[in-house]
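Please assemble the complex out of the two chains, which come individually in their own frames, going by the hints.
Chains P and U are the protein sequences, given in the same order.
So the first sequence is numbered by our numbering: it starts at 104 and just counts up by one.
So the second sequence is numbered by our numbering: it starts at 18 and just counts up by one.
Note that these hints are calculated values from the structure, not bench results.
Among the hints, erroneous ones may be present.
One-sided and incomplete, this derived list gives chain P residues near chain U with beta-carbon spacing under 10 Å [what the hints assert, rightly or not]:
#1 S124
#2 L147
#3 V150
#4 R171
With a Cα cut of at most 27 Å, we get these calculated DSS-like pairs of lysine-lysine [to be verified]:
#5 U:K167 with U:K199
#6 P:K107 with U:K240
#7 P:K126 with U:K231
#8 P:K195 with P:K126
#9 P:K116 with U:K240
#10 P:K130 with P:K116
#11 U:K231 with P:K148
#12 U:K240 with P:K167
#13 U:K203 with U:K154
#14 P:K195 with U:K21
#15 P:K107 with U:K231
#16 P:K167 with U:K202
#17 U:K113 with U:K263
#18 P:K116 with U:K21
#19 P:K195 with P:K108
#20 P:K108 with U:K47
#21 P:K167 with U:K167
#22 U:K74 with U:K113
#23 P:K107 with U:K47
#24 U:K251 with P:K116
#25 U:K231 with P:K167
#26 P:K167 with U:K154
#27 U:K203 with P:K167
#28 U:K231 with P:K108
#29 U:K251 with P:K193
#30 U:K154 with P:K193
#31 P:K130 with U:K202
#32 U:K231 with U:K199
#33 U:K273 with U:K203
#34 P:K108 with U:K83
Every residue, glycine too, gets a C-beta built ideally from N, C-alpha and C.
Each chain is listed here by its residues.
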Amino acid sequence: MRSKKRYVIVRLKSNLLQTESPKDILKGWIQALYGIYGLSRIHLKEVYSDERNIYIYSINADAKDLFRSIFILDNNNLFRIIRVTGTLRKAKRIVSSLPGLEAKQ
Amino acid sequence: MSKKAKYIDAYAAELPLDKLRELSGEDLHKWINDTYSVAVEAGYAGCAVTTRITRYKGDLYLLVRKFDEAVANAREEGALVFSRCHIEVTNQPELKRILGNIRRYCDLISVSPQDRQLMAFSSRDHRIDVISLPPEKAPPFFSGDIVELKVQEKLIEVTVSSLFSNNILNPHRIRALRDSLKTIKKKNLKIIVSTGPQQIYSPRDPRALISFAKIFLEIDQAKLSKDMSYGIYKRISENQLKRSGKIPVRGVEIEK
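Chain U extracted, bound-state conformation (with noise of 0.2 Å):
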């Protein structure tokens, strides 16, 4: 009998740094819990509700845990919720120092490289999960970040939101998204598809991005099913328990 996919959607609603400063442990909980509920109803089993970085500050690692442990709340009281930072920064001294402070508060950590030494060092750094691809201006892959991103099992994002500009779809963005995933789509690696940053969270049917995906950016239908349900999940579980203390170090799991 084959087992159902569940898909998580990766990259659900977003909230910026300076509202979840603003929000209440209530209203942040409320927030995690409809976000849940749309991403059910649109078809997925789970979702990553994320929160953008976009500069370093002292305090980072306050926010990110207060985030984090909302999450938790929420995934104890039934939800399958996980925490995800999405980090947007133009140069790689701030995004260590930012990887450094919030690592071990969150599920996923993502980065969106707008430059090939953006990219280099985010396809190597074991801190890092997630490369989502900027729409238009995403640097290319060279050999050595090909390499890594297999070995590290890391996995390449497109999101939806990207696909459009004034709600319509782009024609030439998914062009580049296409010629951009033409080394990665050869090499085999992980691809996902999820909604990504919209003003109003609307996910897409898991099962409509596939088909797009198919026809659109030429990915293979089966194994982007399998990266964006399974994919995603054994990224998630291999973080928490490396956060829980049971992977102390790679290639290390203590058994209890």
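Isolated chain P (complex conformation) (with noise of 0.2 Å):
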């Protein structure tokens, strides 16, 4: 049976990463916290990103949890979880409706 996904959307406080991805970062707490499994239960998946440094990352819904946990090791409050949603569609639609999109474009 296919697995149940949730997307989260992820909002980076910008120019604070000059090196790793930001998915790089959150694999490397996952992994920190609970290892190849915690990995392979999450399956993170980067579906969408923007210059407004806002993400959109797919996991598991079962690991809704096991994910929102890792942000204990977020020390300098580099991301903030906006929203955790049931479809991508939706997660667009709160994304377009963020402010900033117009002032890029």
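So, in structure tokens, the structure goes:
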């Protein structure tokens, strides 16, 4: 049976990351807390990103708490979870309604 | 329609008493507003800014009053901030003197008991609202303590900063906290997770804390969410009514 997904909209504080991609940081945190088991359970995938430093990641629905808990390692408040949705369409609708898109375009 | 929980960081940025003495009213006001903005940015609706008291001094109440007035000013401007005093002393007589000196000048009072005697006293004294579990060396809760904690609806606090040592999560501390919380969870007492003392205030997303507590400390997620929002708010509101004279004695509320 196909596993259910959740789409997590994340905003990254700009200009703080020079070398690593946000996905690598999140993967590093997952690995630090839960190891390979966590990586396989959460199954993190980047599905959207834009110039406003907003990202949408897909995760396994039953590992939502595992994913949320990794942000305890976010010492510098790099990430801010804006919303978790059940469909990509809704996530994209929320992203397009966030301020700043018109200004960048 | 479900109401969205408004989380309050019960232990936001900490200001030691010596620094509080040096700060001017304007600087203090700025510090409180900055702390509040950081808490809101992290996903909290409000926060309790904290001053730490480690020994008794005659003029203690003057400093705490200054702190509380600055917090009240910020609140009048629309910021959801509260004043909290965190007491860390090693003997009971000193704790009693401090409580008598400052109780009417702050919204929340917390104690971090280092030994059994202080734990027994903190569980029973009505002036104490929050018992903050110290990392590693939390004294055990006895049945009498549990009864009092339950009756008085006190909050048991776990701080994020106590889980870390040198910026790394410390598995021994997590295990120790999980053991300390075993009885508390069984007896359904109120537990909260807050940021705790840090050099630079960097609060985590409250939902991240709740998920972390669910997985690592095995605390019920729905109950923790309720305690971290309505639980704290209820306690603070009660204290504010007591301070304003609307609750002159326990169990009596004056309605106007």
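Status of each hint after checking the structure:
Violation of the interface hint for S124 of chain P is found here, the shortest Cβ-Cβ separation to chain U being roughly 21 Å, above the 10 Å cut-off. Using the Cβ-Cβ criterion of 10 Å, the hint placing L147 of chain P at the interface with chain U is not satisfied: the shortest such distance is roughly 15 Å. Below 10 Å, beta-carbon pairs count as interface contacts, and V150 of chain P has none with chain U, the closest being about 21 Å; its hint is therefore violated. Annotation: interface hint on R171 of chain P holds; nearest CB of chain U at approximately 4 Å, less than 10 Å.
The straight-line distance between the Cα atoms of K167 of chain U and K199 of chain U is roughly 15 Å, inside the 27 Å bound, and the hint therefore holds. For the hint linking K107 of chain P to K240 of chain U, the alpha-carbon distance of about 26 Å falls within 27 Å, and the restraint holds. In summary, the hint linking K126 of chain P to K231 of chain U is supported, as the alpha carbons are separated by about 24 Å, within the 27 Å threshold. Under the criterion of a C-alpha separation no larger than 27 Å, the hint pairing K195 of chain P with K126 of chain P is consistent with the structure, at around 18 Å.
The hinted pair formed by K116 of chain P and K240 of chain U fails the criterion: a straight-line CA distance of about 31 Å is larger than 27 Å. Restraint check for K130 of chain P and K116 of chain P: the C-alpha separation of about 18 Å stays at or below 27 Å, so the hint holds. Note on K231 of chain U and K148 of chain P: the hinted pairing holds, with a Cα-Cα distance of about 24 Å set against a maximum of 27 Å. Distance restraint check for K240 of chain U and K167 of chain P: the Cα-Cα separation of roughly 18 Å lies within the 27 Å cut-off, and the hinted pair is therefore satisfied.
Note on K203 of chain U and K154 of chain U: the hinted pairing holds, with a Cα-Cα distance of about 21 Å set against a maximum of 27 Å. Between K195 of chain P and K21 of chain U the CA atoms are separated by roughly 22 Å; this keeps the pair inside 27 Å, and the hint holds. Taken as a hint, the K107 of chain P and K231 of chain U pair is honoured in the structure, with Cα atoms around 21 Å apart against an allowance of 27 Å. As the CA atoms of K167 of chain P and K202 of chain U are separated by approximately 23 Å, the hinted pair is consistent with the 27 Å bound.
Proximity of K113 of chain U to K263 of chain U is assessed by CA-CA distance (about 24 Å); at most 27 Å being required, the pair is judged to hold. Taken as a hint, the K116 of chain P and K21 of chain U pair is honoured in the structure, with Cα atoms around 25 Å apart against an allowance of 27 Å. As the CA atoms of K195 of chain P and K108 of chain P are separated by approximately 15 Å, the hinted pair is consistent with the 27 Å bound. Using a Cα cut-off of 27 Å, the hinted pair K108 of chain P and K47 of chain U is violated, with the two alpha carbons roughly 43 Å apart.
The suggested pairing of K167 of chain P with K167 of chain U is violated, with an alpha-carbon distance near 32 Å, which exceeds 27 Å. Between K74 of chain U and K113 of chain U the alpha-carbon distance is near 12 Å, which keeps this suggested pair within the 27 Å criterion. For the given pair, K107 of chain P sits about 46 Å from K47 of chain U by alpha-carbon distance, which is inconsistent with the 27 Å threshold. Taken as a hint, the K251 of chain U and K116 of chain P pair is broken in the structure, with Cα atoms around 34 Å apart against an allowance of 27 Å.
Between K231 of chain U and K167 of chain P, the direct Cα distance comes to roughly 12 Å. Compliance with the 27 Å bound is thereby established for this hinted pair. A C-alpha spacing of about 32 Å is found between K167 of chain P and K154 of chain U, which places the hinted pair above 27 Å, so the restraint is violated. Only pairs whose Cα atoms come within 27 Å are accepted, and K203 of chain U paired with K167 of chain P is accepted, the gap being roughly 26 Å. Between K231 of chain U and K108 of chain P the CA atoms are separated by roughly 21 Å; this keeps the pair inside 27 Å, and the hint holds.
Pair hint K251 of chain U plus K193 of chain P does not hold up; C-alpha atoms about 35 Å apart against a cutoff of 27 Å. Annotation: proposed proximity of K154 of chain U to K193 of chain P is violated, straight-line Cα distance about 47 Å (limit 27 Å). Our distance criterion of 27 Å between C-alpha atoms is broken by K130 of chain P and K202 of chain U, whose separation comes to about 32 Å. For the suggested pair K231 of chain U and K199 of chain U, the alpha carbons sit about 13 Å apart, so the restraint of at most 27 Å is met.
Between K273 of chain U and K203 of chain U, the direct Cα distance comes to roughly 40 Å. Violation of the 27 Å bound is thereby established for this hinted pair. Of the pairs offered as hints, the one joining K108 of chain P and K83 of chain U is violated, with about 51 Å between alpha carbons and a cut-off of 27 Å exceeded.
Violated hints, in rising order: 1, 2, 3, 9, 20, 21, 23, 24, 26, 29, 30, 31, 33, 34; the structure is consistent with all others.
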